[in-house]
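Going line by line, the protein sequences match chains R and F.
Going by UniProt numbering, the first residue of the first sequence is number 1, and it counts up by one from there.
Going by UniProt numbering, the first residue of the second sequence is number 1, and it counts up by one from there.
No wet-lab data here; the hints were simulated from the structure.
Everything numeric in this text was worked out from a predicted model, so none of it was measured.
Each residue gets a CB set at the ideal place from its N, CA and C atoms; glycine is no exception.
Among these hints, one or two may not hold up.
[What the hints assert, rightly or not] Just the calculated beta-carbon pair ranges, DEER-fashion:
#, chain 1, residue 1, chain 2, residue 2, range
1, F, ALA375, R, PHE185, 17 to 23 Å
2, R, GLY133, F, SER21, 53 to 59 Å
3, F, ASN231, R, VAL273, 50 to 56 Å
4, R, GLY133, F, GLY283, 52 to 58 Å
5, F, PRO282, R, LEU100, 57 to 63 Å
Single-letter residue listing:
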Amino acid sequence: MSEAIAEKPAARRRSWDIGRYTLLITLVAIVVVTAIGNPRFFTINNLFNILLQISVLGILAAGQTMLIVSAGLDLSVGAALSVAGVVAALTIVSTGSIALGIAAGLATGALIGFVNGLLVATNRATPFIVTLGTMTLLQGAAIVISGGSPINGMGALFDVFGLGDLFGVPNPVYALAATLVVVFFVLRRTVLGRSAFAIGGNEEAARLSGIPVRSRKIGLYTLNGLIVGVGAVVLTGILDSALPNMGNGYELRTIAAVVIGGTPLFGGRGTVVGTFGGVLLLGLVSNSMNLLGVGANYQNVVLGLIITAAVLLQKRG
Amino acid sequence: MEPARAASGARSSEQARPAISALGISKRFPGTVALENVDLIVARGEVHGLVGKNGAGKSTLLKILSGAQPPDSGRIVVGNQSFAALTPITARRAGIAAVYQNPELHLDLSVAENIFLGAEPRTRLGLVDDAEMARRTSELLGRLGLSLPPEARLGDLDIALRQQVAIAKAVRERASVLLLDEPTSALNKAQADFLFRLIRDLAEGGMAIVYISHHLDEVLAISDRVTVLRNGRCVGVVASGDVDKDDLIAMMVGQTVGETAARRAPHPPGAPLMALDGVTVPGRLDHVALTIAKGEILGLTGLTGAGARVLAEILAGIRTPSSGSLLLEGEAFRPRSIHAAIAQGVVLVPQDMRGRGLVMPMPVAQNLTMARLKAIAPRHWLNLAAERERAEALVGQLDIQPRDTTREAGLLSGGNQRKTLLGRGIFAGARLLVLEDPTEGVDVDARRQIHAYLRSLADGGTSVVFVSTDLEELIDLADRILVLRNGRIDRELAPSGLTPERLLAAIQSDHERRHAQETEGTSDV
Chain R
1 MSEAIAEKPA
11 ARRRSWDIGR
21 YTLLITLVAI
31 VVVTAIGNPR
41 FFTINNLFNI
51 LLQISVLGIL
61 AAGQTMLIVS
71 AGLDLSVGAA
81 LSVAGVVAAL
91 TIVSTGSIAL
101 GIAAGLATGA
111 LIGFVNGLLV
121 ATNRATPFIV
131 TLGTMTLLQG
141 AAIVISGGSP
151 INGMGALFDV
161 FGLGDLFGVP
171 NPVYALAATL
181 VVVFFVLRRT
191 VLGRSAFAIG
201 GNEEAARLSG
211 IPVRSRKIGL
221 YTLNGLIVGV
231 GAVVLTGILD
241 SALPNMGNGY
251 ELRTIAAVVI
261 GGTPLFGGRG
271 TVVGTFGGVL
281 LLGLVSNSMN
291 LLGVGANYQN
301 VVLGLIITAA
311 VLLQKRG
Chain F
1 MEPARAASGA
11 RSSEQARPAI
21 SALGISKRFP
31 GTVALENVDL
41 IVARGEVHGL
51 VGKNGAGKST
61 LLKILSGAQP
71 PDSGRIVVGN
81 QSFAALTPIT
91 ARRAGIAAVY
101 QNPELHLDLS
111 VAENIFLGAE
121 PRTRLGLVDD
131 AEMARRTSEL
141 LGRLGLSLPP
151 EARLGDLDIA
161 LRQQVAIAKA
171 VRERASVLLL
181 DEPTSALNKA
191 QADFLFRLIR
201 DLAEGGMAIV
211 YISHHLDEVL
221 AISDRVTVLR
231 NGRCVGVVAS
241 GDVDKDDLIA
251 MMVGQTVGET
261 AARRAPHPPG
271 APLMALDGVT
281 VPGRLDHVAL
291 TIAKGEILGL
301 TGLTGAGARV
311 LAEILAGIRT
321 PSSGSLLLEG
331 EAFRPRSIHA
341 AIAQGVVLVP
351 QDMRGRGLVM
361 PMPVAQNLTM
371 ARLKAIAPRH
381 WLNLAAERER
391 AEALVGQLDI
401 QPRDTTREAG
411 LLSGGNQRKT
421 LLGRGIFAGA
431 RLLVLEDPTE
441 GVDVDARRQI
451 HAYLRSLADG
461 GTSVVFVSTD
471 LEELIDLADR
481 ILVLRNGRID
491 RELAPSGLTP
501 ERLLAAIQSD
511 HERRHAQETE
521 GTSDV
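Work out the full structure: start from the sequences and follow the hints.
Encoded structure:
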């Protein structure tokens, strides 16, 4: 962020900085409070545990960030995760091939993303409504395809993502890191990412500048679908099982993480680094509340307060 | 159409207190004075015209009267209430209603629902009484001589009928002052005549009407008196019977202070770049034929709806004519997408900066490069160092202040935003640059810079077409001015020796005048 060096009009910059530092300050505060309350918090094991817990959410939130930057949205990521996971698991169970299973999961995610993108790009309906529709459809599809019950016995996939680690770091954390890096570079260094900012900031200006808005949107949703496929494979591996409802709730938590991370819902701005901060905050809060013995219902109250505060602190246009 | 001015006699005798008087209104914007100590006094039952060139302050005054903007100083007296500033709510309560070209109504509601919005008659249970609302709407419409079905959905009505609904709504609200902004610009002759009769009826009923229009013939025909603004000042209030259109034009334009601009040397006509023939858009453009030379600066102008803007969009390749041909260097120009048009070197620089132009949250550099990302991103991978370097060069050339390519476009001043938008077209490698109002809302310095830059581009062989209604800009910048009227090229004027008065007269020339001057008109080149 070389921005800090250049001179800026103080008044305009300040609100942004407050929003940004709020996240950092909150993270530090949580760490300090929890570390005092429960010394187990600061063990390496617990830190990796947190990263493991947030890995799937982080993967999905990274994809959601791209869409929200382009003033899009995908409410179907949770349901798509369930479907892709179920398809991957069925493939593994019937063929015995992990590679085919992973390929099937990724392809399913990408296909769902492509269809979402097609619907969003060619319709006047807002992404919210379009993906609300596909979300409902996919929730049903996951149950139909799986027959309504978990598909167990992932064998080597469980060995990789459920048990495996490299240098002591659980493997899903690598998947998270890879996804974050990919999205970071897509947003910063590719024409697709630049188009996302342009479309999100002013779609008509993007169109008049010759940016092929429709195909870029389809590209963004398809890439997001592929990322959902990654999340599906990782979660199926972690659980050693694909459950037809395992993705439920992810859609709103990804949006919450993106917003906490400082990306406004109306598009044109945003960073995946911020989103990672948002995911980390949600993970830390859950983890520390667990360690401090806060009940599940109170945890939701606290999470709700954090999300609301993040939205209220957000910079306007 | 010859509306009687019968009301004027009655008016002078009775009205001690005007319906509305705006006194000593001043309003400054950064870099410009929009209004300076302007008075506007309108009696009950009077139709009062408000005229002036673009940028004279008409719309600012209208915004102040309708409460959309507060004045910096001055008072607004409505009936027996006096205000330092109005808000949209206090203006409505005071009895001021504004009807714009495209009335601000709810298209999904019915005529009756629009008219009674916020004041719906209720049944005893507190529910909206639809029957009563329809009955009262019919009665109101009948009283105004309007034949509109109360239950029709507003979105299904044309602009003329929507305006009538907006006016009926004002009557229902018992408005004592009606502000009409360019009400006839989208109307045909019959619709306009109907509107004029309605306006006269309302005035006879005691309503004060402020009528803003560029169509001076209409203003003279419909109003009792006319206030003329020039450069934010009131230069006169005249009785319509005492002046003719040329008098108004002279007042609007003022003395031309000796031609100052350094016009570029007469330009030897280069090879043709773009040629149009028989270009038609039903109802908008009628068999337009036109050739644009390389290195030429062509100005398009005309009254609202005359077709200049549609023609510019067609030249820029963002609108396809229903018939006719466009040739770009001898080859058919029918881009399948805006992307394709830009690839062929045809770039639009739109007027509506916020809506269609800049991506405000993006840095200047990214706004500059977005119309040709390929130049900095071979294989879709952006070369950020190259982008910064080329953006910095452009920022220097165009003198965009501050010289900071990472600054968000939304934080720049209007003039620098216009320069950035122009820079995007240049970065895109335009051979033909089509600009809408290239210096609208820009201060004098930025305007001079933009003009100089466009001239230097033209000297380098780029063709420049711009649409403008700014007389001085047209005369200063263009090598050739085309005046459009009713979708046709009405006149072609050479700017040398052309005065703003004569240009305005050419833009204004109505049908009667056109018949009278047909021979002169076509030989005016």
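| query | Between ALA375 (chain F) and PHE185 (chain R), does the beta-carbon spacing fit 17 to 23 Å? | reply | holds (20 Å)
| Between PRO282 (chain F) and LEU100 (chain R), does the C-beta distance stay in 57 to 63 Å? | holds (58 Å)
| said: Verify the CB-CB distance for GLY133 (chain R) and GLY283 (chain F) against the hinted window 52 to 58 Å. | reply: Taking Cβ atoms as reference, GLY133 (chain R) and GLY283 (chain F) lie about 38 Å apart, which means the hint is violated.
| CB-CB spacing for SER21 (chain F) and GLY133 (chain R) relative to the 53 to 59 Å hint | holds (57 Å)
| request: Hint says 50 to 56 Å; check whether the CB-CB distance for ASN231 (chain F) and VAL273 (chain R) agrees. | output: Check passed, 51 Å falls within 50 to 56 Å.
Violation of the numbered hints given earlier is confined to hint 4; every other hint is satisfied by the structure.
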